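K.L.:
Sequence:
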Amino acid sequence: MRSRRLLILILVLIGVLIAFYYQRESKVHVETIPFNSALIGRALPYDVVLPPRYGLISSRRTRYPVVYLLHGWENHHNSWLNRTALLDYASEHQMIIITPEGNNSWYIDGATGTEKYESYILQELIPDVDKRFRTVPNRSSRAIAGFSMGGYGAVKFGLKHPEVFSFVASMSGALDAPSRTDDSSIMKAFGELSSAERQSNDVFRLAEEFPSNRISQLPYFYLDCGRDDPWLSQNQRFAEILLRRKIPVEFRQLPGNHVWPYWDKQVREVLRVASEAMAVPK
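Mapping of the sequence shown onto numbering that gives the first Met the number 0: position 51 corresponds to residue 50, and the numbering continues sequentially without gaps.
Quick caveat, the hints were computed from the structure, so don't treat them as lab data.
Incorrect hints may appear among the rest.
[To be verified] Below, computed lysine-lysine pairings styled on BS3-like, alpha-carbon distance capped at 30 Å:
(1) Lys159 to Lys187
(2) Lys245 to Lys264
(3) Lys26 to Lys264
(4) Lys245 to Lys159
(5) Lys159 to Lys264
(6) Lys26 to Lys130
(7) Lys159 to Lys130
Small disclaimer: the values here were computed from a predicted structure and weren't measured.
Sequences are here, hints too, so could you generate the full structure?
P.N.:
Here it is, written out as structure tokens:
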């Protein structure tokens, strides 16, 4: 009788542990990777949001699409997690979300020659993510998005490296950065007005001059901007270029300004559109 009770107790405990395990692994999980960049010579940590059920034994062979979510000026890799309900939105999708550290780099290889953030994203970050996590490591399952400075960065990556990303999203993109001289971070990143960095990272020029016979190789562009946003006219101008050149684009002009409540609302929509645009887990 005693051994039977012990067996029942053990089975109950096993059941409780299994239930706890499934409950825990059915939620999104966040990891912070303390990555050290050899190209830039400093620590550039990034956050990883893993989808529900990623850690289940039954999911161990499943691979997931990835969204690289870039922060804006004067923000950092953890700003998305601290300022929005990103974890709640991530729970609605089966994808991995990466929030890199970009500092105030404008996500380019800067004029100083030492701040190689474009190369860091392409040559160090993406390979590290594909090595550490169960990603689908190809273009069709890789997206890049961001707000303000990050929106500019996402668009720039899509135009310069269409072989890497299949979906690009810009929220309130500060798309005119290469033409401006009113900010120290812009001057540090892009250099003087005549610099090669300004020419090679001008998204308006890149869109205008992209070879017509390669337009089909470009990613799908999603743009949105608030009607009270100071960068609305720049986004309208950029969208007009894409439409005129028949580059696939969706442009939404919405109520709102250049503020976190707007980006909190829109990042949920960006994740939804990205999820539909990219390949499903396999």
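K.L.:
Now tell me, hint by hint, if it's right for this structure.
P.N.:
Comparing the hints with the structure gives:
no. : hint             : in the structure
1   : Lys159 to Lys187 : holds (21 Å)
2   : Lys245 to Lys264 : holds (28 Å)
3   : Lys26 to Lys264  : holds (21 Å)
4   : Lys245 to Lys159 : holds (17 Å)
5   : Lys159 to Lys264 : holds (28 Å)
6   : Lys26 to Lys130  : holds (23 Å)
7   : Lys159 to Lys130 : holds (24 Å)
Of the numbered hints listed earlier, not one is contradicted by the structure.
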